[in-house]
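K.L.:
One letter stands for each residue in the lines below.
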Amino acid sequence: MLGKTESPQSIGTLTAGLADENYRVRGTAALGLGRLEHKEALPELLKLLEDPNHTCRTWAAMALGRLKDDKATDALIGALGDSHYAVRTVAADALIQIGTPTVKSLKAVWNGDNSVLRSRAIETLARVAKSDLRKEIEKGLTDTEALVRASACRAAQFAGIKELAQPLRKLSQSDGDSNVRQVAAEAAQVLSKLK
Amino acid sequence: MPLILSFLLCSTGPVIAEPDLLDRALRAIKMTRADVTLDKNYRRRDAFALKGVDEMLTAPLKLPDYAQQMGEELGNATTLRELIELGASRLEVALDTIPSLPKDERKHSWRESRWRKKVNRALPQAVAVEVIKLVDAAIYCNVVIDTAYVQLSKQERAVLFEQKDVEHRKEYPLHEYFVRHHRGVENVEKANHALFKASAKVKLGKLLLAAAVWSEHVENAKENLKNWAAEQKGIDDGILLELRTPAGLVMVTGDDSSIIRGPRPQLLIDLGGDDTYFTAIGGGKGCTAVIELAGDDTYIPDADRALGAGIHGASIFIDCEGDDRYNTRDVALGVGLFGVGIAIDEAGRDDYNAQEIASGVGVMGIGIQIDLEGHDSYFVRRMGQAASVTRGLGLLIDRAGNDSYFAGRRYGGWSTSREFSASAAQGFAGGVREYTSGGIALLLDLQGHDSYYGEAIAQGVGYWFALGMLIDGNGNDNYQALHYSQGSGFHFAVAGLFDNAGNDTYLGGVTCQGSGYDYSAGVMVDYSGNDLYKSSHLSSGSGGVTGMGFLFDNGGNDVYLTGRPRSHSLGGGQFVKRRGFGCIGGFIDTGGKDYYLYEPCKDNSLWTRAQDGVGLDTEKGKAIYAKRMKVTRKVDKPAQQKSQHAVAPLSNVEEAMKKLSNWRTKKDEKEQAVAVLKKNLKEAEPLLIDHLLAEPFYMSFGAAYSVIPQMGAEMAPALVKVFETGDAEDRVRAFPCWGRLSRPSPSEH
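Protein chains in written order, with the numbering used here: chain A, 7 to 201; chain B, 11 to 759.
Quick caveat, the hints were computed from the structure, so don't treat them as lab data. Take the hints with a grain of salt, since some may be wrong.
Within a straight-line C-alpha distance of at most 30 Å, the following computed DSS-like cross-link-like pairs (lysine-lysine) qualify [said to hold, decoys possible]: (1) K630(B) / K176(A); (2) K200(B) / K143(B); (3) K127(B) / K213(B); (4) K74(A) / K176(A); (5) K145(A) / K53(A); (6) K688(B) / K668(B); (7) K176(A) / K612(B); (8) K145(A) / K110(A); (9) K136(A) / K199(A); (10) K612(B) / K145(A); (11) K689(B) / K677(B); (12) K45(A) / K77(A); (13) K677(B) / K176(A); (14) K199(A) / K689(B); (15) K168(A) / K213(B); (16) K200(B) / K211(B); (17) K53(A) / K113(A); (18) K676(B) / K243(B).
Chain B on its own, in the form it takes in the complex:
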């Protein structure tokens, strides 16, 4: 009987969790986990606030698991529709049910019949079927998009739609706001209020529904066209179709290398060949799409809003194969501005070179950029590579390859100060201060040794009621940024940087590496590996001016070149009497033999800072965060196309360089040329460097950018020489090559 009683008492009594390392560290500053919370009631209520962000403000320690779960969900999504639905749920938008359309919208008028006949006459049957299906889907989705704006008055519609001539460029007001902060507008406050009042009335659920339906159709069409093209022995050359349809201009091009200029098509399908696009394809109002089936393509759009830029609509851009070069203006490569913009590159080594607002940016919508394969380089001046503003989700997913991400000024002349510029990139989410809360941004790089370079505000940063995250999967990575970076939240926001594996280097300035500033929280977790951290004030698990910051490093022998006495670093906190609120700084390193530059931080010790800051280094005990995302989705590799022509052998390095510099050279010829250069690297090295530094700058895109990384570590000394002796522009050109040099795998490291 007593045994049963004691069993019952044990089984029904309160379960007291065993205190873990975090509890131990917090106890040293007389705190518990319950103290790690920010008062969400401080928020200024607005129509764009997200409950998810509030939740993270209330419990910042939940952020690592929240981010890993989000990364797992998005990484495992198998269709674009699924991605949009997941994005909508994060934005707390319920996708509306499909509305019944007015009957006359479904009728085919005589005009429609005529375009159908023309499509059928001009194209092979399988292609014609897909084109007609896509045009029908676009007509339908455009009507759904229109229903999103029914609640807006005439004036409010004008605020959102009216195009203004700004410095000879026609811009939408919202675009104008986010790019140039209402330049030329006299009463900015009035303009902002009008803009956000109108924005709040837009039914985002309808826009996202239309995008989900449209993406499903585009993805199906792409699969069908890919299967059809694989079975063909030969496809016609030239422009096969250029036709005005009820859904806008439709263009279908053949298997040759085309150069496309002229008016913007709403729908473009390319069946093969190395093409060059000077037109701003895949962007604009309503439903637009680009399906590029094959070839090493070059995209140099002559206007803003291109390559998967959905503005008041949905835009899908898919490039299926080849090493492609993207050289865009503003608003490109997966930008959703009142809608959804998706840009996907399925294979090859790609260069993404963009100005502002590019590479996965969401504002009142969802912006996604996906790269499935290859060593890629991403450039953006400002606001990109997973960034979001008001009620937006910005997402960049790179599934494989050693990639380099660069966000900042490149050629001088543009910056917020002489020293640095605000990158607002690589997992940056921000609100519009005093007007609207921000959104959610996530940069998800699943594989490879990657390099991240940002200036101020980059690499998992949140600002003004927003949530910014960066998750890097496997690989030895380099992170370099200046202020407000690497898992740093500032001014009422939450942010995190999570590196799941590999030996990593983190170089930061002030307010970085898990830091919170002004009612904000920043969390950084390095899940494994021998890492190096270098930073300045308010960094490495520190809170300042009523903020909270945490840095957790699991395992590995780490080096901390930070924590100078009297700086807020490695567990720095303070109590701000004036505000009646404090800052908490927490740093925990588990496992490994670690090196610290400054006292009192030491291997295997616990230290406390002046007030509310604590650091703990221990070899015993379980890591606080161990749960990492599991992305299981396999990438379908495109079938290798057999070479249809004999490749003439190359005799020397000069000839190989010539081949590589010519954008019309076929893939197999390029591969042969690269092999020649590799064989004669000593001779090729100066030529490649000359090519890299060629004037004008776009000349270097020909060979150097794609070939130097393939040469491997042997090119490192030559690049180092450029860093040492070259000017700023030279260094900027050398950087992406450096970041993508073929390196040994993590196991060899």
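In isolation and in its complexed conformation, chain A is listed as follows:
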């Protein structure tokens, strides 16, 4: 409620709430601070991103996305490998909200070894830096891991790279993994409709 009032007077109460013993109080205080875009709360929110409760971590990541502060990039990149899927999904969203400053870090993850992280990174990158991504996506479409290939198909769709419609169509018929074929076909269909 305090967050929704958008009143600066509530900031003190919300900041104190971040240290509350009840996890829901901590989490909702983070959401409130995010809603108020209170940038001074960044250190506390980064700390909350390591909270033992996954709901707190999720809401902290949400708040960091709203702050749009590139200082949170590294922590959010780390959260892409969180033990709970909600934190991972929201962290990716937060990185998209922060935007261009996250590209370098995301590309570093994309060039790494962990295929699950790579697949998440390419999908996130596609939403952040649409135009510069063709090479990476093309590389992804030929990856050995089906998960990465499927994510590269989605990335092509998110980035709206029309030139990739043809290779995607080809992939939708030739790939050995049924899920990649399905995702490639969906992406090719979307891209071919783009003007």
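Add chain B to chain A, keeping to what the hints say.
P.N.:
Chain B alone, transformed into the frame defined by chain A:
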């Protein structure tokens, strides 16, 4: 040396489990098994919460094994006491030790001596001994029951015990709450708080202990009386004893066909004959029991709370033999409301026809209905056939026969909407939203080809911190229900539907067949057979609004008439940004050649939905869930009694119908009449259908309900005609017969 070292390294290093099909499917949506969990911390703490439910919320994928283990334990229980103890452990209630009773409670006053003498004078010695033992046990257990309420203040006792005159019916407040939601009460919130505050103070351990002791005595008495009756050449007719004792009214009736009306006995023993009961026997406060040794009996209680309804006490109802008809009002056939209620029918084709809160319902206690043999039909309007609310265990065990289960409105006029009603049945567990967590419910059908029909909320459903389950053993089964059904959890609950064998048909609506809605999880597993699934949105292994749903089908060539594009079905998930939490949908079909109606679902393929939903169909790989319950307990078949009178031969179909319509006709005569009808089925068919649709409705209970199923599949076309041409009431009457038609065994199928 290097060999030893490498051996040591291998043996002490971490064991990495080989990823299975579920791991493979979850990886496609960038998840692991660790992600399949719900935050139990969301719960609103209350005094009635069960750790077992919390555990399942934390790890919903454990539910199939949990359910099979529970089914195995309960299915293998050999005594009622064992069943109650197992139930108590699931309700996390420790049975108290036997309290030492005040000395004067054990003394026999002159009044007691007098009733003993009267019992001894009126009854054969063996029967008198059992009656006296039961009365003594009831006196003792009643004192134990009283100790469960010692912590309650006078006002709190009034909340639980005071009877109110509601529409000229005396009701207990708790009964009133669950049946009619405090109708006529001005401040419902205040009334609820008072009710649950008082309920939390009741010592459930004492109530369950008293019930365990009482059930042991009743079961022993039944066995002894059965053995005694088998040795007798002739037993007297009429009412042998009707006597007020310190444990209440005791009645013993003889071998003839009696009609019992009048005051409710606390203890009733019938030694034989086809009896009709218009009194609400086997129900009420304290310890009550009914032991019906033989005969095709009809039970039409004239009031609520009957036939194994333990309210603030323990009630045991046992019918040992015969094809029986039960036509009850509310709260009947194994209902525990602050205590334990057990109803057992040991043999015969039985019809259970109940209104609301019936057939294995537990609220602050344990409600169990058991049917050991025969093709049976179960009807309930709402809340029954294994249902539970606050700290309750609702259990229905049907051990054999092709059964039909019907839960919903039958004659119109009552419903939550024009389209359908809330059945809250067939393995439904629910809490009282914003007040208390729910309990555990399990419908366990071990054998036979069964039909399940429910409207909304039926067939393994959980609601508000509760756990609802349905397990069906062998047989080709039909499941039909509307919304929130067939292994569906909604609003902070867990639920499951598990079919262990056979070729099954599942017809559902929205939110069904392994679906979770709003911080809930639903799991459905079909362990084998060629199955057909039809459903609508949010179904077949799908999660919605931060819920999780899983459908696993092992083996068989299956048909999926579901999964329309953009619907949440066959592995549908979503991420709810507003809540910062997602839904997971998982569908895995192993083995067989399967048919899917909509793309992208295909045989031998993996597909992902928009977000967090995955489906996998494969012929290779091990099924995720293979462990099924093993129920080994053998049913002791009652000894076949020899016919004591010659049966006159029947000449034609009309005569046979007349015999079957008469409730006084003996079993062997009925068997002969059925044989005549079978022989002349063409002639008999229209007569049977006329009988089925007879007015008033209870006329059809005479022959049609029990005879048509015995005629077999040849009656199917006539029943189909009723479905096609009859009105709603006709269809409702035809349904239970359809479900129980003698069918070929699964191996022949």
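K.L.:
Taking the hints in turn, state whether each one holds.
P.N.:
Each hint, compared with the structure:
1. K630(B) / K176(A): holds (27 Å)
2. K200(B) / K143(B): At roughly 44 Å apart (the allowed maximum being 30 Å), K143(B) and K200(B) break the hint.
3. K127(B) / K213(B): It is violated: about 36 Å lies between the C-alpha atoms, which goes past 30 Å.
4. K74(A) / K176(A): Status violated; Cα separation ~39 Å.
5. K145(A) / K53(A): violated (36 Å)
6. K688(B) / K668(B): Satisfied, since the Cα-Cα distance of roughly 15 Å is no more than 30 Å.
7. K176(A) / K612(B): Between K176(A) and K612(B) the Cα gap is close to 20 Å, so the pair holds against 30 Å.
8. K145(A) / K110(A): holds (17 Å)
9. K136(A) / K199(A): Measuring from Cα to Cα gives roughly 18 Å; hence the hint holds.
10. K612(B) / K145(A): The given pair, whose Cα atoms are some 28 Å apart, holds under the 30 Å limit.
11. K689(B) / K677(B): Cα-Cα ~19 Å, so holds.
12. K45(A) / K77(A): holds (11 Å)
13. K677(B) / K176(A): Not satisfied, since the Cα-Cα distance of roughly 74 Å exceeds 30 Å.
14. K199(A) / K689(B): violated (70 Å)
15. K168(A) / K213(B): violated (71 Å)
16. K200(B) / K211(B): Given that 30 Å is the threshold and the Cα spacing comes to 17 Å, the pair holds.
17. K53(A) / K113(A): holds (25 Å)
18. K676(B) / K243(B): Cα-Cα ~18 Å, so holds.
In terms of the numbered hints stated before, the structure departs from hints 2, 3, 4, 5, 13, 14, 15, listed from lowest to highest.
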